[in-house]
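Be aware that the sequence shown starts at 1, since it is given in full-length UniProt numbering, and climbs by one per residue.
In short, the hints are calculated from the structure, not lab data.
Label pairs and their computed distance ranges (CB to CB):
| no. | residue 1 | residue 2 | range |
| --- | --- | --- | --- |
| 1 | Arg89 | Ser144 | 16 to 26 Å |
| 2 | Arg86 | Ile33 | 21 to 31 Å |
| 3 | Arg119 | Asp154 | 17 to 27 Å |
| 4 | Leu46 | Ile72 | 23 to 33 Å |
| 5 | Leu71 | Met51 | 25 to 35 Å |
Quick caveat: nothing in here was measured; it's all calculated off a predicted structure.
Glycine is no exception: its CB is placed at the ideal position from the N, C-alpha and C atoms.
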Amino acid sequence: MQNTTPPARPSQPPRAESARPLYRERLTPSLWILGSAAVVAPMASLVFVRMDGALSLAIGFAVGVAVITALILGSPVIEVVGRELRAGRAHIDVALLGEPVPLTDEAARAARSTGLDARGWHLIRGGVAGIVVLPDIDPDDPVSSWTLSSRTPDRLAAAVRHAQSAG
Numbered sequence: 001m002q003n004t005t006p007p008a009r010p011s012q013p014p015r016a017e018s019a020r021p022l023y024r025e026r027l028t029p030s031l032w033i034l035g036s037a038a039v040v041a042p043m044a045s046l047v048f049v050r051m052d053g054a055l056s057l058a059i060g061f062a063v064g065v066a067v068i069t070a071l072i073l074g075s076p077v078i079e080v081v082g083r084e085l086r087a088g089r090a091h092i093d094v095a096l097l098g099e100p101v102p103l104t105d106e107a108a109r110a111a112r113s114t115g116l117d118a119r120g121w122h123l124i125r126g127g128v129a130g131i132v133v134l135p136d137i138d139p140d141d142p143v144s145s146w147t148l149s150s151r152t153p154d155r156l157a158a159a160v161r162h163a164q165s166a167g
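Taking the hints into account, I'd like the entire structure generated from these sequences.
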């Protein structure tokens with residue numbers, strides 16, 4: 001299923017429609033990583049247990065929630081807005097990108113290891129199985145491709161294609 005925007009209603013201004021993302025994904029850590037980060041809570045509790053038991057439990061809980069919240073909110077976002085692809089802090093006009101290649105399973109594993117382009121720009125996260133490789137066709141750009149992790153690589157590739165055809 002593609003993540004596309006509905007047709008613009010006459011009452012909506014054109015700027016509001018172009019600011020709406022065609023695709024948006026936050027590359028949150030896997031449950032395994034979040035569970036491992038939750039181990040910080042009992043460790044923080046143990047530090048303060050000699051002062052007061054109830055206080056140590058409250059501090060441990062607060063530290064655990066803070067660490068997990070920081071991991072989730074600090075994770076990068078991939079989105080296609082208008083004619084621009086944003087991946088974390090980086091962004092590029094989709095007109096400067098070639099045909100996106102969504103990869104899963106063994107092909108994605110190979111693209112993240114031996115097939116990884118050394119001159120490319122990478123946003124790869126552990127625990128996210130899919131990959132989308134986007135060739136950079138800008139002759140002035142030293143980066144040869146963008147390699148992005150995605151839980152739904154086919155939807156990301158479709159959104160990039162849609163943004164490219166819209167221009």
